[in-house]
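Line by line, the protein sequences give chains X and Y.
Here the first sequence stands for residues 21 to 243, where the numbers follow the working numbering.
Here the second sequence stands for residues 21 to 243, where the numbers follow the working numbering.
Hints should not be assumed to be uniformly reliable.
Identical chains share a label here; the pair holds if one copy fits it or two copies do between them.
[Unchecked claim] Taking lysine-lysine and the BS3-like style, the derived pairs with C-alpha atoms no more than 25 Å apart in a straight line are:
id, residue 1, residue 2
1, K224, K64
2, K154, K132
3, K165, K81
4, K60, K81
5, K64, K165
6, K64, K161
7, K165, K209
8, K134, K161
9, K132, K107
10, K66, K165
11, K81, K154
12, K66, K161
13, K132, K153
14, K181, K54
15, K81, K181
16, K232, K218
17, K165, K102
18, K113, K81
19, K134, K153
20, K232, K153
21, K161, K54
22, K60, K241
23, K224, K209
24, K23, K113
25, K154, K134
26, K113, K102
Everything labelled a hint here was simulated from the structure, so no lab data went into it.
Computed from a prediction, not measured in an experiment: that's the story for all the values here.
2 protein chains.
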Amino acid sequence: MAKDMTLLWGSGSPPCWRVMIALEEKGLQGYNSKQLSFEKGEHKGKDVLAINPRGQLPAFKHGNITLNESYGACLYLEEQFKNQGNKLTPENKAEVALMYQRMFEGLSLFDKIKQSLFYDRFVPENERHDSAKKRNAEGLKDEIKIWEGYMQTTGPYLAGKSFSLADVIVFPVVAFLFRFGLNEEHFPKLAAYHNTVKDRPSVKNTWPSNWKDSPGMDTLKNL
Amino acid sequence: MAKDMTLLWGSGSPPCWRVMIALEEKGLQGYNSKQLSFEKGEHKGKDVLAINPRGQLPAFKHGNITLNESYGACLYLEEQFKNQGNKLTPENKAEVALMYQRMFEGLSLFDKIKQSLFYDRFVPENERHDSAKKRNAEGLKDEIKIWEGYMQTTGPYLAGKSFSLADVIVFPVVAFLFRFGLNEEHFPKLAAYHNTVKDRPSVKNTWPSNWKDSPGMDTLKNL
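Just chain X, same shape as in the assembly (with noise of 0.2 Å):
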């Protein structure tokens, strides 16, 4: 039990999802979990600002202790309960090394769906051009035959042989992927590893409720 532990998140934002799959593989269930809805805006709110002066999701609270940016949170909660639940760091040195190279190669990863994927969000409508959509899709598209390309030679997992932090940091993002509609015939090692990983159950428990309830989006079929 986590009763010492505060988690404010908003469904479907891989930053939030990985520290609840990083709580349930640590054993750290029972935590104090506030769900907020950023369609409301309510991660701009004061419960939200009281713990993340930037007004973002996740807020994170270990007593006294406040961990906001998500990768922090999930190499803090692996350290402090490193004989709790599940170790998440390979034995192996290679694969600690493959574990870090890919967790923040996920960062260029998400990079790439924000800036084509939330395009319309992020720039105003006078600074808008399909040259740049073009190319942030293409971006896009280059960066997931990478990862596809990696599925070829590693697994099942990111790192190798063991779940492990990259897959606690970088699977919310491929799932996203997925959500939008990534076509499973076109990026076949991606799909095997998507559908391995999205069945352990601290991934199921935590599985985004909004996903649950309606269908995914086509965005990304053609890619």
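Following the hints, position chain Y against chain X.
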């Protein structure tokens, strides 16, 4: 001595510089060091592509292990050489959490720098907008103010009393700001932090060579 390590790097790049600082801190001098020129496009050359298919620097190898993501390389070096050189993880749990929090907030700071200072490099001419430049400059200023605020209550290092991975990773980004003319009088706490860390041996020994030979810019002097 670290003869089984190879680092390909470019001068003045915060991602390269942080790996060099980490290597110094962990007593891993003597690695194979190869400086390349971004200006000449050498980061897209075959030496780099053999290690880093993205054609980016740093490109880092330890024996057969490849770790090109600078955050990952720093975390890996600290973990694999726990008992060598300087310990870069604080003992105290609250400082560990703060180390992770600041380390990853450092990504926001570097993003804002790139959006503002490198706007013309990243955005094709026909897609540029004065409104975007103005918004990006304000975004950078707001971000720097957040860091100035942090240093009003924390210090002398980013996570408190101990020099940690947060400093290894974020100091080069802070130094970049002053290289671009950030006004010490407008941001006195950040300036004090910069002045404290810049004389640290690991930092002095790796100070960008092209910064020594040329004056800084004054782009940020009015911020």
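Verification of the hints:
1. K224 - K64: For K224 and K64, neither the intra-copy (28 Å) nor the inter-copy (42 Å) Cα distance is at most 25 Å.
2. K154 - K132: both (12 Å within a copy, 23 Å between copies)
3. K165 - K81: Result: close only across copies, 24 Å inter versus 37 Å intra.
4. K60 - K81: The answer is within: 23 Å in one copy meets 25 Å, while 47 Å across copies does not.
5. K64 - K165: So K64 and K165 pass the 25 Å test across copies only (19 Å; inside, 36 Å).
6. K64 - K161: For K64 and K161, the Cα distance is within 25 Å only across copies (20 Å; inside one copy 32 Å).
7. K165 - K209: within (10 Å within a copy, 44 Å between copies)
8. K134 - K161: both (13 Å within a copy, 23 Å between copies)
9. K132 - K107: neither (30 Å within a copy, 35 Å between copies)
10. K66 - K165: between (41 Å within a copy, 21 Å between copies)
11. K81 - K154: neither (40 Å within a copy, 35 Å between copies)
12. K66 - K161: Answer is between: at 23 Å across copies they meet the 25 Å cutoff, but 38 Å inside does not.
13. K132 - K153: both (11 Å within a copy, 21 Å between copies)
14. K181 - K54: neither (34 Å within a copy, 33 Å between copies)
15. K81 - K181: Classified as between; 22 Å across copies, 32 Å inside a copy.
16. K232 - K218: within (13 Å within a copy, 52 Å between copies)
17. K165 - K102: neither (34 Å within a copy, 36 Å between copies)
18. K113 - K81: between (31 Å within a copy, 13 Å between copies)
19. K134 - K153: This pair counts as both: shortest intra-copy Cα distance 11 Å, inter-copy 20 Å.
20. K232 - K153: neither (29 Å within a copy, 40 Å between copies)
21. K161 - K54: Close neither inside one copy (35 Å) nor across copies (32 Å); limit 25 Å.
22. K60 - K241: Neither. Shortest intra-copy (29 Å) and inter-copy (39 Å) distances fail the 25 Å Cα cut-off.
23. K224 - K209: Cα proximity of K224 and K209: one copy only (20 Å, versus 46 Å across).
24. K23 - K113: Answer is between; shortest inter-copy Cα gap is 18 Å, intra-copy 34 Å.
25. K154 - K134: Both: 14 Å inside a chain and 21 Å across chains, each within 25 Å.
26. K113 - K102: Answer is both: 17 Å inside a copy and 13 Å across each meet the 25 Å cutoff.
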